[in-house]
Amino acid sequence: MTPVVTVKNLTARYGENIVFEGVSFDIFKGEIFAIVGGNGCGKTTIFKCMTGLLKPSGGKILVSGIDPATEDEDKLKTLRKETGVLFQSSALFGSMTLYDNMALVLKEYTTLPSPVIDMIIKTKLGMVRLAGCENLLPSELSGGMKKRAGIARAMVMDPMVLFLDEPSAGLDPITSEEFDMLVKNINTGMGTTMIIITHQLESIFNIAHRVIMLDKDAKGIIAEGDPRELRKNSKDPRVTAFLGGGITRHSAGHEQAEAD
Amino acid sequence: MKHPDQNYTIRVEGEKRQSVTLHLSGDLVTENIDRPMAEIKSVLDDYTPSQLTIDLSGIDTLDSAGAMALAKTEDDATTRSIPLKIVNMTPRMKNMMGLLNRKALAENYLDHEPNPGTLDRMTNVFLDIYNDFNRVMIFVGELLSAMLYSILHPLSIRWGDSLLYIKRAGVDGLPILGLISFLIGLIIAFMSSLQLKQFGANIYVASFLAIAVVRELGPIMTAILVAGRSGSAFAAEIGTMKVNEEIDALVVMGFDPVRFIAVPKVIAAMVAVPLLTLYADLFGVLGGLVVGVTGLDLTPYTYIQQTIKSIATFDIISGIVKALVFAVLISGISCQRGFETGEGAEAVGISATSAVVSSIFLIIVADSIFAIVIHYIR
Ligand SMILES: Nc1ncnc2c1ncn2[C@@H]1O[C@H](COP(=O)(O)OP(=O)(O)OP(=O)(O)O)[C@@H](O)[C@H]1O
Ligand SMILES: [Mg+2]
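In order, the protein sequences belong to chains A and B. With my numbering applied, the first sequence corresponds to residues 863 to 1122, in that order. With my numbering applied, the second sequence corresponds to residues 50 to 427, in that order.
In short, the hints are calculated from the structure, not lab data. Everything numeric in this text was worked out from a predicted model, so none of it was measured. From the three backbone atoms N, C-alpha and C, an ideal C-beta is built for every residue, glycine too. Among the hints, erroneous ones may be present.
[Stated by the list, open to error] These stretches of chain B come out as covered by chain A in the derived footprint (C-beta under 8 Å, 3 or more residues):
#: 1; stretch: 301-310
#: 2; stretch: 369-376
[Stated by the list, open to error] Listed below are the simulated DSSO-like cross-link pairs for lysine-lysine, each with C-alpha atoms no more than 30 Å apart in a straight line:
#: 3; chain 1: A; residue 1: 1078; chain 2: A; residue 2: 870
#: 4; chain 1: B; residue 1: 152; chain 2: A; residue 2: 1081
#: 5; chain 1: B; residue 1: 216; chain 2: A; residue 2: 1078
#: 6; chain 1: B; residue 1: 121; chain 2: B; residue 2: 65
#: 7; chain 1: A; residue 1: 1097; chain 2: A; residue 2: 969
#: 8; chain 1: A; residue 1: 910; chain 2: A; residue 2: 891
#: 9; chain 1: B; residue 1: 65; chain 2: A; residue 2: 1097
#: 10; chain 1: A; residue 1: 969; chain 2: B; residue 2: 152
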């Protein structure tokens, strides 16, 4: 298997403050890959590097063979077409309806006639159960609906890779579980590689095939692998504490893992 | 050591350089914790005891500051290698002591940075201005290349947005701009008529006002009004998009934010401001006309004739050119301020304010340059 995303020796710093150094991992086709870790460990930073919003201060990233920090317009254009991004705040354009939010991308990258564009948008909105909402403005949606609209917009070009920044933050447990199922269905149905940044333990265990865990003090990765395996077998107290659900629930988490 | 007006007492028992016991009683609380701390420290300094015992049996209240004072004393004693025992601690006090992060307390990370001297501060101000200038220049480059691209690919311009901003910056501003121009025309005509009347030069009020309005007041007033109405709106809108990650979303979707967001606004301003300027000219002259007809015994016909005679085509064209330049300056700097917005709601307000201030500053600077250039062209 060839990796879709390769991160090699990545270092990021803001001024003097080194967030992490020497971070390396591969993400393979069709995987749901989670990046977890405590507050301030650099998840958002790594996300920004992978989407090309931030130039890393060292190391290399390849997303489907293209460096997101490249200056080459054509390569960037290809990369943008092959990746979708869901931001933490959904980042729908507030002055546009859902329809326009999605049509924008289709019109930029394709020359499809508008009936086909309509059809594609209807399909995508139906997939996230927002059929009939195409003429609403983002301000008229609830938080959960915004997230689903955001993923519909990110999926509108059927990207190979989808980045999701804390998708379930701010969602209630039921909505968040529904959202996880949506992510899983898209993953199995369309084979999209998903990179998810999250704090939600449920999400990690429900959908992630593989996870890396970053740590603020270690300034890098402290664990990598199947989240269930890690919870059961990791020797690192930081890892078991996090995946077991906090320091006090640590042992309870272990029992649950064994019962699984 | 008795303190009748204080909420605590410290009694020292023992001899210098021998075993010493401090009997603390009363309240060790945040209010005046500095005093017991200083006193305990002076006891350590004076007595340099071989062994120190702190007796807390008399303490009524110990809050976290009191616990901090005890911890500090412990640390002090450790550094001076004086063995210290704290006795008669209630479980509540123990809990309070347990809350302290002793390691953090020992570090001096709260050391305040030394206050910068006047010279440093001045250097910083100049550095800020220099960096700001650099960022603006970089943005000017991006804007120019985006404008050039848009001119070469007119279909890529978001004309819908441009129209919307023409409406917001132009049409929606008509009532207020008309009113202000009319009143300023009226006031200036009235003031000048008081002087010119004395020489029987009533008719020259029309000339004076026409020249003043068309050359200076019309363009300047329009520009300042647009800066206040639309400059702030542009900056706040872009700033909010920045805070909402919408700008980031544009980038990862493969759009150039400057081309996508700034260009329609600049185009809208370039259409709206010259038209608004002509409109302001008209209303300014109208204000003068009212004064001329009611106060100076002029007929509307003679007033208008005199106005037309006084203005050269050059004046009108130079006014429009000025308006175009002002439009680019206002929309450009406002967009730049918007893109520069930091994190949070406060940053949006700062950007909006800075957009208006910078716009007005640039308008005045550009107008001065125009005054000189036009003087030599003429
Ligand atoms: N724009 C910035 N300028 C300076 N330092 C920053 C900036 N953004 C983040 N940092 C620093 O980088 C470190 C990592 O931040 P990052 O936002 O990547 O953490 P995170 O893992 O996403 O945390 P959270 O779970 O709280 O979102 C933090 O220590 C933070 O102080
Ligand atoms: Mg984050």
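Right, here's what the structure says about each hint:
1. 301-310: With 4 residues close enough to chain A, the hint holds.
2. 369-376: With 0 residues in contact (Cβ-Cβ under 8 Å with chain A), the coverage given for the stretch 369-376 of chain B is violated.
3. A:1078 <-> A:870: 19 Å, holds
4. B:152 <-> A:1081: The given pair, whose Cα atoms are some 21 Å apart, holds under the 30 Å limit.
5. B:216 <-> A:1078: Judged against 30 Å, a Cα distance of about 50 Å means the pair is violated.
6. B:121 <-> B:65: 21 Å, holds
7. A:1097 <-> A:969: 51 Å, violated
8. A:910 <-> A:891: It holds: about 21 Å lies between the C-alpha atoms, which stays within 30 Å.
9. B:65 <-> A:1097: The given pair, whose Cα atoms are some 55 Å apart, is violated under the 30 Å limit.
10. A:969 <-> B:152: Cα-Cα ~59 Å, so violated.
Taken one by one, the earlier hints fail for this structure at numbers 2, 5, 7, 9 and 10, listed in ascending order.
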